[in-house]
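Once you've looked at the hints, dock chain B against the given chain A.
Protein chains: 2
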Amino acid sequence: MEQDSIFMQSAIDEAKKSRSEGGIPIGAVLVRDGEIISRGHNRRVQDNDPLMHAEINCLRNAGRIGQYRDTVLYSTLMPCYLCAGAAVQFGVPKVVVGESVNFAGAKDLLLDKGVEVVNLNLPELVQMMGEYIETHSDIWNEDIGEL
Amino acid sequence: MEQDSIFMQSAIDEAKKSRSEGGIPIGAVLVRDGEIISRGHNRRVQDNDPLMHAEINCLRNAGRIGQYRDTVLYSTLMPCYLCAGAAVQFGVPKVVVGESVNFAGAKDLLLDKGVEVVNLNLPELVQMMGEYIETHSDIWNEDIGEL
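The listed protein sequences correspond, in order, to chains A and B. Residues 120 to 266 in the numbering used here are what the first sequence lists, from first letter to last. Residues 120 to 266 in the numbering used here are what the second sequence lists, from first letter to last.
Treat the hints loosely; a few may be bogus.
Since the list gives no way to pick one copy over another, a pair counts as held whenever it fits inside one copy or between any two copies.
[Stated by the list, open to error] Mimicking SDA-like on lysine to any residue, the simulated pairs with C-alpha atoms at most 25 Å apart in a straight line are:
id, residue 1, residue 2
1, 213, 191
2, 213, 266
3, 135, 241
4, 226, 253
5, 213, 261
6, 136, 157
7, 232, 257
8, 135, 230
9, 226, 263
10, 135, 191
11, 226, 236
12, 232, 151
13, 213, 265
Hints were generated in silico from the structure; no laboratory data involved.
Chain A on its own, in the form it takes in the complex:
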């Protein structure tokens, strides 16, 4: 969908912002009623904070919005168990991801719990994340708990 591409572009902008800060290039946005209500990106490196995955940072930046049943979470990469768990627990009904070539993530958990997953399979993101993982394998492995 065209709308998905537009919102994903904002998540990509967040990923690039993180990269420009020396961080892991993963970005996310939360959309409600056709509008972006929060943005975030991975901040492990920037804040030395292992919990600040892009989706967590984005949900955090949204603040206490109450219920999530009319939201869609966009992420440049398939969410891991931490971030998928957040979507499941808060009742985010739909997650749109940029790619899952570089990380299979927790698609199984999302689907098991009834979260709709749309994968845009964007070559631009496969390339950007692939390059990062190749040049920063230690930070990447730390970020996904595989040291």
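Chain B alone, transformed into the frame defined by chain A:
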């Protein structure tokens, strides 16, 4: 185990600290090599931060410890999908919980992914959390995404 009771007491202390701050009374500690390396408690109310569940706050406070394979996470309440997802993703092999009467949580995810779960079933915690939920049902439902 006696050691589990001692560490759980520190998680209970964190829960009570949160309660004294006007927050949700859930606490957690992370143990490595027989020592507590971080403590945390739910800070949704205190920081207006929906992501600051006790276990997330505790793992965050631990900082970038690298790998988690020799850690044990203690929580006064069975972890939700967000917090269980964090344990699964980072490779925490064992979670000790204080009770699951007031919240069934994401025990299924923990067990599915090979995380050992020990439930101490402490009446003191069943009572403390039960009282909180009864008197603050709106905040509690917000915290677990059930508004």
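Here is what the structure says about each hint:
{"no.": "1", "hint": "213 - 191", "result": "within (5 Å within a copy, 32 Å between copies)"}
{"no.": "2", "hint": "213 - 266", "result": "between (30 Å within a copy, 18 Å between copies)"}
{"no.": "3", "hint": "135 - 241", "result": "within (15 Å within a copy, 48 Å between copies)"}
{"no.": "4", "hint": "226 - 253", "result": "within (23 Å within a copy, 35 Å between copies)"}
{"no.": "5", "hint": "213 - 261", "result": "between (27 Å within a copy, 19 Å between copies)"}
{"no.": "6", "hint": "136 - 157", "result": "within (15 Å within a copy, 30 Å between copies)"}
{"no.": "7", "hint": "232 - 257", "result": "between (32 Å within a copy, 24 Å between copies)"}
{"no.": "8", "hint": "135 - 230", "result": "neither (28 Å within a copy, 37 Å between copies)"}
{"no.": "9", "hint": "226 - 263", "result": "both (15 Å within a copy, 21 Å between copies)"}
{"no.": "10", "hint": "135 - 191", "result": "within (21 Å within a copy, 35 Å between copies)"}
{"no.": "11", "hint": "226 - 236", "result": "both (8 Å within a copy, 23 Å between copies)"}
{"no.": "12", "hint": "232 - 151", "result": "within (21 Å within a copy, 32 Å between copies)"}
{"no.": "13", "hint": "213 - 265", "result": "between (27 Å within a copy, 17 Å between copies)"}
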